[in-house]
Structure formats: structure tokens, C-alpha cells
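Protein chains: 2
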Amino acid sequence: MEIIKERLTRLRERMKEHRVGVYVIPSSDCHESEYVCAHYRAREYLSGFTGSAGTLVVTMEEAGLWTDGRYFLQAERQLKGTGIRLFRSGEPEVPKIEEYAEQKLSRDSVLGFDGRTMGAHRAETLIRAAEKKGAGVLVTEDLAGQVWENRPEIPDTELYVLDLCYAGEDTKSRLARVRAEMEKIKADVHVLGDLCDIAWLLNIRGGDIPCVPVVLSFLCVTKEDCIWYVREQIMTEEIRQYLKERGVLVRDYEAVYKDLSGLAAGRKVLLDKKNVNYRLLTAVSGQADVIDRRSPAELMKAVKNDTEIRNLRTAHLKEGIAFTRLMYWLKTGAGKETLTERSVAEYLDARRREQEHYVGQSFAPISAYGANGAIVHYSPTEESDAKIEPKGFLLVDAGGHYLEGTTDTTRTFAMGELSLEQKRMFTTVCRGNLNLAYARFLHGCTGYSLDLLCREPLWQAGVDYKHGTGHGVGYLLNVHEGPNAFRWKLPEQEQPAVLEEGMVTTDEPGVYLEGQYGIRTENELLCVKGENGAYGQFMEFEILTLAPIDLDGILPQEMTGTEKAYLNDYHEKVYRALAPHLTEAEREWLRNATRRI
Amino acid sequence: MEIIKERLTRLRERMKEHRVGVYVIPSSDCHESEYVCAHYRAREYLSGFTGSAGTLVVTMEEAGLWTDGRYFLQAERQLKGTGIRLFRSGEPEVPKIEEYAEQKLSRDSVLGFDGRTMGAHRAETLIRAAEKKGAGVLVTEDLAGQVWENRPEIPDTELYVLDLCYAGEDTKSRLARVRAEMEKIKADVHVLGDLCDIAWLLNIRGGDIPCVPVVLSFLCVTKEDCIWYVREQIMTEEIRQYLKERGVLVRDYEAVYKDLSGLAAGRKVLLDKKNVNYRLLTAVSGQADVIDRRSPAELMKAVKNDTEIRNLRTAHLKEGIAFTRLMYWLKTGAGKETLTERSVAEYLDARRREQEHYVGQSFAPISAYGANGAIVHYSPTEESDAKIEPKGFLLVDAGGHYLEGTTDTTRTFAMGELSLEQKRMFTTVCRGNLNLAYARFLHGCTGYSLDLLCREPLWQAGVDYKHGTGHGVGYLLNVHEGPNAFRWKLPEQEQPAVLEEGMVTTDEPGVYLEGQYGIRTENELLCVKGENGAYGQFMEFEILTLAPIDLDGILPQEMTGTEKAYLNDYHEKVYRALAPHLTEAEREWLRNATRRI
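As they're listed, the protein sequences go chains A and F. Position in the first sequence counted from 1, then plus 961, gives you the numbering used here. Position in the second sequence counted from 1, then plus 961, gives you the numbering used here.
In case anyone wonders, no lab produced these hints; they're calculated from the structure. These figures come from a predicted structure and were not determined experimentally. It is possible that part of the hints are untrue.
Copies of the same chain look alike in the list, so a pair counts if it fits in one copy or across any two.
To be verified - Think about it this way: if two alpha-carbon atoms lie no more than 20 angstroms apart in a straight line, the pair counts; the simulated EDC-like pairs of lysine to aspartate or glutamate are:
{"no.": "1", "residue 1": "1094", "residue 2": "1117"}
{"no.": "2", "residue 1": "1229", "residue 2": "1253"}
{"no.": "3", "residue 1": "1348", "residue 2": "1549"}
{"no.": "4", "residue 1": "1145", "residue 2": "1060"}
{"no.": "5", "residue 1": "1235", "residue 2": "1186"}
{"no.": "6", "residue 1": "1093", "residue 2": "1114"}
{"no.": "7", "residue 1": "1234", "residue 2": "1059"}
{"no.": "8", "residue 1": "1229", "residue 2": "1029"}
{"no.": "9", "residue 1": "1490", "residue 2": "1462"}
{"no.": "10", "residue 1": "1235", "residue 2": "1054"}
{"no.": "11", "residue 1": "1133", "residue 2": "1149"}
{"no.": "12", "residue 1": "1147", "residue 2": "1533"}
{"no.": "13", "residue 1": "1145", "residue 2": "1063"}
{"no.": "14", "residue 1": "1229", "residue 2": "1513"}
{"no.": "15", "residue 1": "1297", "residue 2": "974"}
{"no.": "16", "residue 1": "1427", "residue 2": "1037"}
{"no.": "17", "residue 1": "1490", "residue 2": "1052"}
{"no.": "18", "residue 1": "1450", "residue 2": "1501"}
{"no.": "19", "residue 1": "1348", "residue 2": "1215"}
{"no.": "20", "residue 1": "1133", "residue 2": "1185"}
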């Protein structure tokens, strides 16, 4: 931990040079990406905290790390001895970063952050805090980068075109739809900062970010032009030709700032302050007028088309086979060899690699045994890698990218004897999961109306999970995607998205008892149309995920007749889909694992 | 219906004089009150539609009435033959009033409405529509009033002070709390337009609006002063003295416009555009700066204090006795005399009048037999008054004002034989009602998260009710009160209110089959604190309403074990509370009516 202290000391020296009293280091690249490549992990370098979400704030006297409920336990462990204080975002009495900054700033001090790695929306909130105290603002110096020794480069990975048989819609058509939406709100220019929106629009994938096959780039769309700002060195002749045919010009990644600052006054520029960085915003807003709202691409890409849906069913079949083989191995082979969290994750990935069109993992797999399962976003490292014994729970949350789409599945396995309390909790989680999956609702519902169907059985049992019930899933993109989600706490700003036919959202309730165990059961739900009659359009879900829910953890007497029917219905579907693809032994085992209760 | 056509003709003559192309007549007084006294029912006079919600829009060529789902059937019936077109608000393809107005207006026509009976928020939306088309705007002429023959006067009813033993908090304390909130948002002046907010703040009740014991008035609060603008002729020496002791000055109702237009420039005026009329807004905004948001009084009055809660339990005991006596009479006496919808409502009110401190009905009672039950806000008239036969459902939705608070209860009674389908629906409604009432939820939930607990059993059965699941209830004020509510469709603008300890909200799912029958079961729920532990503060409900749910409609086999336990628990509570206050015969009957299933 001394190394962290020493890094912070060097940062403070730079802060002093620039009279910076409060320096803020987010976890972002220039696009507010959720996952970032090593080049942009300044917050991790300076704090030692490796979670995907978190912001470090450094003053001359102290340093604080803000992160959310998923990471409280992990952050506590990783910050130990660094002197960095943990701020639990969302807990009562915990100040927001801007409130903390306001408190620490004064008329003769300066607030600093790197304006390229700070989202415009967050930057504006921070700057307002500085203004309230009459403090200065410095956004042009990457002080963290300046003290970072041996900073990794951005990787030069290969670009490829996602064929129409996977994407289901050509870039020309997608561009036309985006332009039609721009027309509606009278936007002259649309600047896209979100890498997944760009990849979706261009049907191009890359590998600039681990687990998210996208390309660091910006896109500017006008009525006539479409310019892709991307690092020239990764461009190939083939891609250039592909783009040319679709009317897309290529310019260098860094040229976007200068180009945008040259926009004529009065031009109306659509951008989303939540995924455009502050430097980019100020380049635009120097002259032009900003229309701050979600890119139309966000909603369009969330609604999967028929080709994508057909493909997704294939992807989930493949993933289901891999998951089921893992479960078969765990249930029939446990005890015969030494299992560890990492060997389990590796076994699963090996089963995936046997499948056609497998691209890679969609996120770092969680394989968490016993008490590790209570750490919501635990990922086993070489040091932590726990040995799995024939008792308690093993929680595996993992996903894959296939050309046919992206998956995200969690299963919790009973590795042997369970206590009655453990079975009760497992059953309650399963009930929540099923009640949501089999919901029937009128069109117009958002995931905020539906969340409680999943959560209520847990709340009745006096427990809660400190994360959302579900998130949208990208198609060979980020496994976490908006705007659809299942949540219970309404966001303060945004209007939640209505659940539309074709949206895919995860359904992943859990129970986490610190120091004891964790349980989570996660399926992906495709929103489909149901009956349309006198009361309006009813909507339902199709469960895409195909893997047994471990009946060794289920107490049938704690489920209603309807809930048992749901579970039986789901297991029958799982068996029917997977059986033809399994060996005789696996199939026999699966028949029992999906038996009626 | 000819009389309506003739009235519209006279209105159009006036419109022509003023070059008005589109004239809008809402259902409002000068306070956007939900119920209005006869003096302000211009929309009813001109359209014949008697529902509480609806807006009439008249052009030279056509006239349209906008109303919501509660009134579709009623409006259809009442508009027949008038030539007025029904616009079903909220249905797809139905334009909003402002969209319709925009379509009808042009550069050389004028949009007109009476700026005093049009809420500021709605007025601004309409004016934006006119501006888009370059049309003029006329807000100073009450054209509807000008053609209204024999327009009723505002009644001169008596004012009275609500004693501290009922209100639980003195005006001085309430004023201090409001001023503290004004201080927080740096408001110099707070103009209150909502009559219930004012009555709550002053602890004064009157009778200017049927069923809502309030006083037509405005209130202006500054750090030092508090001025009540009220019709001088209803002021008494006693009230004047009471107000003086609390630092409240009295000025004439109409003086408010002039006083506010004289505010110094730069003064910050807190008001809620949703309950302040447009003339008042323009008086203020001529010079001063408007802070448009909910009055702090709204949230304060929604959270009932300990005295109010204690009293409410008493009020519900009284109402429960009355409702139970009605049910006893219906169940044991039916067939012995001729029952009609009105005789039932009258019997219930007579039982209430036997109770101490009864003030009056909190709304026009709904007593709807058979197919009339499907008309959500049906109220029997002399002509419609249906004879009740020994079969099918009778739906009674009624409430009373007591000095101990206001009630709102709905029970649906099986008057004899029911079909299996009717019992299924009745059971489903009961399940929805109970699932919400026995919910357990973390503090922070709004009624938008919880609504689906109630609605889902109905949606699973393929039916819906086209109204909210519940509304807040005033204390000897409007039976419908915000900001708490149970709804599934998120509002576009406002942030829904978090359910706080002390809030009272109704829980009233239903099923309405046009031409057949209607079912609704309504209880009032008091929000109370539950367990507070590692997961946060859990909240629960206490059911305030005390009246049996008719077991003749219940199919126990269609309920889960948990749901049956809920119903048994509730019925046990009802029996225990009511039994000591009933006759021997009633008690015996109640024991059976609340038996365990």
C-alpha cells in the first residue's frame, strides 16, 4: 500500500504546481465507457481499487474513493492501508462528490480534472460546485497521466465488419433512421460519443476495450455527411472501402475537437452530455447550440430486430450448452478433482470455445465460492482463488460474445449440503426471478414498474440486493446497455424507457450475506407482444437463457402453485432445447436436473 | 340536447365578436380545484357532461370534450345528440388539447379562455400552441360566463376552526415549517392557490365546494407576513380574532391580483403553476421571479401527524360500523323490501349520521348495481336509479368527513347468485388489493414501484382497470390528495413522491366489464415503519378501513396460502375492532362474514 501513498504524493506535487486543491479522477476513457482499456485506468493506478465503477478525489490532506453498493466490500479490502477513505455512494449521510468538492474548495483554490476523461454532465456538476465557492477550474491538464509511470498504450486491434446476417440491418438504413430522428428535433449535427452506439450504427467491431468489441472513436452525422473520427493506424483498405460505400468519411481520432470547434454559430448539435466528454462539449458549445439528449441510436440498438432475435436464440443455445456442461461437471465430478473458482471459470470458457462463432467473454467471469459470493462483483484472482468444497454455494456469473450476440447468465450451484436457511434464500431468489420473467404487463410499463415483482419476495423475507434487478444487453457490444433496465429507485433526471418489443433485459435478483454466501439467479428476458384487446397491448417476456436452476436448492413447499408451474415450464423448455445437443449421459442427467417439482 | 346546441351557438356568437377561433372551457374554479361549486361549472353548462374531469374546446365548426378513462362511458352517454365529439384522453391517436388547438388555429385567429379559471401550467401549454401558429390570445374574457343564464352564486357558508385536538398542530407551527422550506430555496414570497393547502395551514374549514370543506381564497406568505385573501362577507369576528393571534391578515379575495402585480422586481415568488391560475401567474411574473414548484404545504399535509393518525383510526371505526351495518342490512334484509341504488346510498349515510362528529359525505356516493358498476364514476340519479335484484354485484364507493378525518371505502357485494367467472374476477381483485396492502418495501419506494403488486394478478387474468390504483386522502379536506399515489404509468414531468410514514393512500383495484358488471375493493392504507436493519428502513402499511370483504365472492382455491392468510388476518382485525360496537345480531352475522377461509 506504500506504492499507492507514494503515487498520491507525486500527484499532490503536480496539484501544488497548478494550485489545484481538489483533483478528481474518474474511471473513464474519453467516452464515459463503462469498461476502459488499461491506458485509461488512472483511478486504479492511483488508488489500487480495481472495480469497474469508482471515482477518486484527492485533496492536499486526504483522498476519497466513491463507489456503489456492488463494490463496497471489495473497495474496503483494496483500500486498506492506502489512507484513502471509502465513500459509499447512495448511502444516507454520504456526500456526493460535488458536495464534497464544494466543501473542500475555496476562493483561492482550484478544482482540477482531465476534461477529456470526464463526461460533460458530471463535469458541469463539478464546475457548478467550484463556481459556488468562487474557486478556479483547470480541465486541460491530465495530472494523473503525468505521474503515471509506464502507462499502457491503447491496443491496436483489428477491425471487422459485422455481416448483415448477424446485424440484420445495413448502416445505410440505420443512418437514415438516425437522420429521420434528427430531422424531427431539428438537429443539424449529431455527435455520437458512445462507442456502442457508433459500432451499432457502422456495423463495425474492434477490440479497443476489454470484453467490449468496440473502437475508440467519435461519429459526426449531418444530413449529408457522416464522419468517423478514429485512430488512423488501425484503418484498413477493406474497412475504408466498406465505409465509403456507405457514405462514411474517415478522419483522425484527435481531429474531432478542432472540427467541432469550427462549427458555424447557430448550428444545432445533438449530443448526450452523459457520454460526451467535457472537452468535446466545450468545443461544440463555443459557437453552436447544444441539444442535450439521448442519441436516437441508443433506443434503436436496444430494440433488437428479427435477425438479431433469431441469432440471440442461437447464442443462448450455445451458452446454455456450455453452462449446462459446467453444471453437469460440477454435479457429477465434484470431489473427484480439486476445483477452484478459477478452474470453474476456465472450464466454462473451454466449453464455450467448443461452440462455433465464439468471440470471447463478455465480461470478466464471476466464480465465487462461499463467502466470496457475497461480494457482488467479485472476480477470482490468483491470490484469492478459493478451493471449492462439497458444501455451500458456488455462484457463477459469466457471459460470452458470439457472432450471434452477447449473453449474461448467473447460476448458483449447491455444491453439497445446504442449511434450511440457505435453501429458503435460494428459493426466494428463484421466486423473484420467475415472478418477473412470467409477468404480463400493459405496453407503457417501464422496468421501474416491474422491478417489485422480482424484489417483493425478498423484501417479504427481510432481505434486499443492493443492485438493480436487470440491465439491457448489447448485441456483440457492451453486456450492459441502456435505456431499458429493471430498477426500483427512480432516477432523478431521466424518463425511464418503456419496455418495447425486442428489448432484452436481464433478470437477476440475489441475496448476499457478508462473510457467509451469495446467491444470484440470472436469466435474460426478451420483451415480446402478448394479447392485444380491449385493455390495450399486453406484453410478456420470452426467457432467452437456457440452463437449469439448481433444484438442490429449491424448497417446493415455499413456492405457490403458480411459481412451481413457472419453474416446471422453464425447465421443460431448457430440456427440450438442450437435449438434442448433449451426450447421452449429459441428457440423462439433465432430465433429472429439470424434473417437475 | 337542443339546449346544448343553442348554448354553443350563443357562445360562438361571442367568439365571433372577439375573433376567437378556439375557446377552451376547463372544469375549474380559480384554484384548479378537482371539485368545483356550481358557480364554476361552465363546462357542464355548455356540454351537458357532468363528470368531475373534462375540458370543452369549441371552434366555429365543431366542439370536442376531453375526459379520461373514468368517464368514457358516461361522457359518451351524456354527449349523445349534442354534436360534441368525445376525445378519450390517454388513448393512442387521440390528440392532446394543445395539439388540437394548434391544428385549428391560424395566423388570423385567436385562442381564448378565461385566465382565472385556467391553471397557469395548462394555460402556458395552450399559449405555446397558439404562438407556434402565430395566433392571438385572449385571456381576459369569460365568454362562457357571458352566455350563462341564471348562473349560480358562490355559496356563503360558515367558517370554523379545526380544533387542535383534531389537527394536532397549530397554524403557527405549520407556518414556521413552511417558512423554513421557503428559506431553503430562497423564496421571498409564497403564493398558495390550492384550497386544501390553505385550509390545512390555517386549520380553518368552510363549505365553498361541495364535499370539500374549504374556503375559496388565496394565501401569501412572506418571512414576516401572512395574508389571507378571502371573500370579506363570510368573515366573522371570531375567525378574525383567531387569525390575528396567529399573525394572519385578511384582505379581499379579488385584491390578490393587484397586490401581487405590485411586487418589487427581483422578488422570488414560490408558486405551483399547477394550482395557480394564469391571471395570478401573470400578475406575479410581470415583475417578480417565479419559482415554480410544489408548495411545501402539499407534502406536509400528506404526512399525517400522530394526532391525525389517532383520529383517523376513530373515523375509520365509525365508517366501518356504518359500512358493516349496510352490508348486514343488504345480506339479511335483501328481498324483504325494494332496494335501489339510491336507497342503499341513503341507508349508508343514515348509519353515518348516527355516529358522532360526522360532517358530511366526502364525495357523491357511488352505488352501482349490475351493469352500472362498470361505469367507473357512476352516481345514481333519480332517472337512472336501478332496482337491486337478488343476483349479481352491487358496488358501493362512498366516504364521509368526520372531525376525526376523511374516509373513502369501496365494497362490492354479491346480492345473490354469482357466476364462476364473476367469482374469479372478484377473487382476483381481492388478491390485488391484499398483495399491495401487505407489501413490505424499502423506504424510497414510490407508489409507482408498488402499483404492479396490485395490478399484476389482474393483468395475468387479462384484465385491467383504467384508473390509478390509489390516491392520497386529505384530513377533513379533499378525499383525493397528492402527492402520494399508486400508479403504473410514470408522469412525464413530476418526480413521484416517496411513500413516507404517516401518508394515507387508497388501494382500489377493480374490474369493469361494460354492459355486465363492475367490481372494486378499496381500503385506505397508512404507511408505517417496519424493521430497520442492515438493508435499510423497511416500510409497511396499516389498513385503516374496517369492513368485511364479501366472502360470497371469494374462491379460496384461486388464492395462494399467503393471500388467504392476508384475508384472514384482515378479517380478524375487522371483527375485533367492530364487534364491541355492534348489536348481538350484527355481531353474530359479522363473525360469519369474517370467518377464516
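Against the structure, the hints come out as follows:
1. With identical chains, the CA atoms of residue 1094 and residue 1117 are never at most 20 angstroms apart, being 43 angstroms at best within one copy and 55 angstroms at best between copies.
2. In this assembly of identical chains, residue 1229 and residue 1253 lie within 20 angstroms of each other by CA distance solely inside one copy; the values are 10 angstroms within and 28 angstroms between copies.
3. For the identical chains of this complex, residue 1348 and residue 1549 are neighbours neither inside a copy (28 angstroms) nor across copies (66 angstroms), given an alpha-carbon limit of 20 angstroms.
4. In this assembly of identical chains, residue 1145 and residue 1060 lie within 20 angstroms of each other by CA distance solely across copies; the values are 16 angstroms between and 38 angstroms within a copy.
5. Proximity of residue 1235 to residue 1186 under the C-alpha cut-off of 20 angstroms is found in neither arrangement, the shortest distances being 24 angstroms within a copy and 44 angstroms between copies.
6. Neither within a single protomer nor between protomers do residue 1093 and residue 1114 lie at most 20 angstroms apart by alpha-carbon distance, with minima of 38 angstroms and 53 angstroms respectively.
7. Within a single copy, residue 1234 and residue 1059 get their C-alpha atoms as close as 17 angstroms, which meets the 20 angstroms cut-off; across copies the closest is 30 angstroms, which misses it.
8. Taking the closest pair of Cα atoms, residue 1229 and residue 1029 never come within 20 angstroms of each other, the shortest separation being 36 angstroms inside a single copy and 37 angstroms across copies.
9. Proximity of residue 1490 and residue 1462 under a CA criterion of 20 angstroms is satisfied intra-copy only: 6 angstroms inside one chain copy versus 38 angstroms between copies.
10. In this assembly of identical chains, the alpha carbons of residue 1235 and residue 1054 never lie at most 20 angstroms apart, being 25 angstroms within a copy and 33 angstroms across copies at closest.
11. In the homo-oligomer, the alpha carbons of residue 1133 and residue 1149 lie at most 20 angstroms apart inside one protomer (18 angstroms), although the nearest pairing across protomers, at 56 angstroms, exceeds that limit.
12. When the C-alpha separation of residue 1147 and residue 1533 is checked against a cutoff of 20 angstroms, the pair qualifies neither within a copy, at 51 angstroms, nor between copies, at 63 angstroms.
13. For the homomeric pair residue 1145 and residue 1063, the shortest alpha-carbon distance between copies (17 angstroms) is at most 20 angstroms, but the shortest distance inside one copy (39 angstroms) is not.
14. For a Cα distance limit of 20 angstroms, the shortest separation of residue 1229 from residue 1513 qualifies neither inside one copy, at 59 angstroms, nor across copies, at 65 angstroms.
15. Taking the shortest alpha-carbon separations for residue 1297 and residue 974, neither the intra-copy value of 56 angstroms nor the inter-copy value of 95 angstroms comes in at or below 20 angstroms.
16. In the homo-oligomer, the alpha carbons of residue 1427 and residue 1037 lie at most 20 angstroms apart inside one protomer (16 angstroms), although the nearest pairing across protomers, at 49 angstroms, exceeds that limit.
17. Taking the closest pair of Cα atoms, residue 1490 and residue 1052 come within 20 angstroms of each other only across two copies (18 angstroms); inside a single copy the shortest separation is 38 angstroms, beyond that limit.
18. For the identical chains of this complex, residue 1450 and residue 1501 are inter-copy neighbours only, at 17 angstroms across copies versus 22 angstroms inside a copy, given an alpha-carbon limit of 20 angstroms.
19. Within a single copy, residue 1348 and residue 1215 get their C-alpha atoms no closer than 48 angstroms, and across copies no closer than 81 angstroms, so neither meets the 20 angstroms cut-off.
20. For a Cα distance limit of 20 angstroms, the shortest separation of residue 1133 from residue 1185 inside one copy, 12 angstroms, qualifies, whereas the shortest one across copies, 66 angstroms, does not.
Hint check: violations occur at hints 1, 3, 5, 6, 8, 10, 12, 14, 15, 19; the rest are consistent with the structure.
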